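Residue strings, one per chain:
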Amino acid sequence: MTRYILRRLLLLPLVVLGVTFLLFLLTQRLSPEMRASLYIKDPRQMGAMEEVIVKYGLRDNVFKQYGRWLGSALQGDLGYSHSANMPVASAIKEYLPATVQLAFATIILVLLFGIWFGTVSAVKKDKWQDIAARLISVGGFSLPIFVLGLLLLMLFYGKLGWFPPGGYSVMTDVTIHGPNFHQYTGLLLIDALLNGNLRVFWDVMRHLFLPAFTLCIGSFALMVRVMRSSMLEELGKDYVRTARAKGLAERAVVYRHAGKNAIIPVITLASIQFIRLLGGTVIVETIFQYPGIGRFGVTAAQQLDIAGIMGFSLMVAVLFVIGNLLSDILYTAVDPRIKLSE
Amino acid sequence: MDARKDTVLKVQDLKVAFHTELGTAEVLHGLDYQLEKGKVLAVVGESGCGKTVHALSLLKILPSGGEITCGHIYFKNKDILSLSSEELRKLRGAKISMIFQDPMTSLNPIRTVGAQLTETVLAHRKTSALRAQATAIRLLKKVGIPNAKERMKEYPFQFSGGQCQRIMIAMALCLHPDILIADEPTTALDVTVQAQILKLIKDLQTQNQMAAVFITHNLSIVADVADEVLVLYGGYCVEKASVEELFSRPLHPYTQGLLCSLVSVRDKQEKLPAIEGYPPAAGQTLSGCPFAPRCPKACAKCHESLPPLFTKNGHEVRCWLREEKA
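Chains as they are written, first to last, in my numbering: chain A, 1 to 342; chain B, 1 to 326.
What the hints contain is simulated information worked out from the structure, not anything from laboratory work.
Keep in mind it's a predicted model, so treat the numbers as computed, not measured.
Do not take every clue at face value.
[Stated by the list, open to error] If you want the ones that stay clear, here's a sample from chain A, every Cβ over 10 angstroms from chain B, calculated:
hint, residue
1, Leu26
2, Leu151
3, Arg241
4, Arg244
5, Ile272
6, Val334
[Stated by the list, open to error] Taking lysine-lysine pairs in the DSSO-like style, the calculated list, with each CA pair at most 30 angstroms apart, reads:
hint, chain 1, residue 1, chain 2, residue 2
7, A, Lys127, B, Lys153
8, A, Lys260, B, Lys153
9, B, Lys142, B, Lys199
Don't be surprised by glycine CBs; every beta carbon is placed ideally from N, CA and C.
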C-alpha cells in the first residue's frame, strides 16, 4: 500500500506539468505586446512596453518562458496576481481554507442526505417514501443554484433571520485576527476548536450552513440515485438472503450487510463531487459573499491575470491527484478485496 | 402414525404466486407433506419446478413479488405463516436453518467470516461477543476448517468454494436447529468436494437428530441421504414415497424417466435416455396433468383434467394411470 501511494505521488508532478504546460501554451496565443500591456496600468506609460517585454522575456520561446515560471513556482513564488492585488501564493493561502471548509461541510451533507434518502428509496421501493425522496432530489437538482441560493437567503435571512446574509464570519476583524486567536490551519472551524473559542465556532457554522445547504441540494440528487440503485442491487443478492435466513433483524440486514456493500460506488461519486467543490463554486460564493477560491479563479480569468490563472490551475491539479488518491485509499478501508499493491 | 408427536414440520396445501408486471403467476400449486424428527426429505425436480421457492417459503424469505397465497406451514404445531415478524426472526437460523446453492455469493464478501458467524449467535442468544466467538471457532473446527481461530479474521474470498459451504453449514448449525433446509448445497461445487460436503451434512444431521429438507436435482444424492422423496413437477407434487420404494417401484412416468436418465458406470449406453420436451413455464395454465405434454403414456383424460394424488401403502402418485389400482 505504501508503495502504491508513493507511485501515485510520483505521478503527481507529471499531471501538474501537463496541465500547467497546456495552459501556458494557451496564454501564448496572446502576443507579447498584449501580455506586456497587462503590466501597464497607466496609458501614459505605453512607451515602456518594449522595456517590459524585454524585462520579462515575453518574446523568448515558450519552453524558456515556461521554464522560468516553473522554476519560480518550485521555489514557492507563483507570481503576483493583479486581480487579487497580492502574490498568487498568498491569495491561495487566503481563499483556499474557506473553500475547503465549505467543500467538507457540503460533502458531509450530501453524503448524509444522499445515503439516507437513497436507502429509504431502495428499501421502500415504489412506496410513497421512494416517490417523495425521488421528487425532492430531482426537484433540488432541477432548481438553478442561483435561484435556490437566493430563495434560501430570502427565507432564512430576510423573513426568519435565522442565518446571516453571507460572509465567512462576523468576527474576522476583531477576534480572529486579534492577538488571542491563533490560526493553526486556516480552517476557521478547526482553529476555533483548537483555540477553545466556541463563539467563533458557532458563528462560522452559522455562516457556513446556507451556502453548504444550497450546494448540497444542488448535488445530492445524483447521490440519491446512485445509492438507491446500488442498494437495490445489493438487496437482491444472495448474501442478503442468507442474512435474513439466519434471523438477523431487518435493520441489520439493510445497514450492516447490504448498506456497507452499496456504499462503494457512492465513494467514487463523493470523491468526484468533493474535488469539484474544491475547485470552487463561484455562484454560491458570490451569492453568499463567501471568500472562496472559486471567485479568485474566475476573477483572474476575467481580468486575464495570467499568474493567477496558472496558480489556480496548479492548485486544482494537485488537489485532483490527491483527492483521487484518497478515494482509492478509502476503497481499501471498505472493501477488503481491493488491494493497492500492484 | 405413532410418530405423530415427533412431527417437526407439516406443510399443508402450500401455494405460492409471483406478482410481476405481466400479471400473477402461481408457481406452487398446493404442496402437502410432513417431516418427522431426524428424518430427511428430499425434494427433487428440474429447474423452475418450484423447489427453491418452496424452500424459501418455509422461512418466509421469498424475494420481492413472491407471496404465499394459501396454505399452512406448521413448525411443531405453530403456524409459521401466522407469526409476527419478530417471532419469525427468532425462528430463522435458530430453529430452522438454511444453506444455499452458491456458497461463494451467499456469504457477505466484505465482512469477515468470524463476524458473520458470531452475529448469527448474537442475533438469537443473549451472550457475550467473546462467548459467541468461541462458539463460532468450535463450529468451524467441527466442519473441518483448519486454523479456525486465525481464519475467523479472513474474508470469504480467501476461502475455496467447498470451505465457504463448510462455513455456511457451521453458520446454519451453530444454534442446533430442529430443521435444516439445504437448497442444492453441492450444485456449485466440484464433484470431489460434493461428496465431502454431503457426508458432512449427513453426519451432522444424524449426530444432532435434525430433520432435514434436502432440495436437489441430483438423484444419486437422494439415494445417499434421504428417507423420503418428493418429486416436484411444474409446481405440483407428482410422486412421494420412501426412498427404497421410489427407486425400486417408481410409479409416475416422470419419475421413471428421471431414473432412466441416471448414468450408470456398468452398462455402457450409446446415448443417455432423456425426457423429450420442456417443463411448463411458470404461470402457464394447464387444464390437465402438467406432465401430459411430455408423457409417453398420456391419454385423452390426462390432457383434460388434473389427476389427484392417489395413495397406496404410503406411496403417493399424481397420475391417472394409477387410478384403478388405488
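Now the hints, each set against the structure:
With a cut of 10 angstroms on Cβ distances, Leu26 of chain A stays outside the contact zone with chain B, its closest approach being about 45 angstroms. Remark: the non-interface label on Leu151 of chain A is consistent with the geometry, its nearest Cβ contact in chain B lying 39 angstroms away (cut-off 10 angstroms). Under the 10 angstroms C-beta cut-off, the non-interface status given to Arg241 of chain A relative to chain B is violated; the minimum distance is some 6 angstroms. The claim that Arg244 of chain A is not at the interface with chain B is violated, since a C-beta of that chain comes within 10 angstroms of its own (minimum 5 angstroms).
No Cβ of chain B approaches the Cβ of Ile272 of chain A within 10 angstroms, the least distance being about 22 angstroms, so the stated non-interface status holds. Some Cβ of chain B comes within 10 angstroms of the Cβ of Val334 of chain A; the nearest lies about 7 angstroms off, and the non-interface call is violated. Restraint check for Lys127 of chain A and Lys153 of chain B: the C-alpha separation of about 39 angstroms exceeds 30 angstroms, so the hint is violated. In summary, the hint linking Lys260 of chain A to Lys153 of chain B is supported, as the alpha carbons are separated by about 18 angstroms, within the 30 angstroms threshold.
With a C-alpha separation of about 13 angstroms, the suggested pair Lys142 of chain B and Lys199 of chain B falls inside the 30 angstroms cut-off, and the hint holds.
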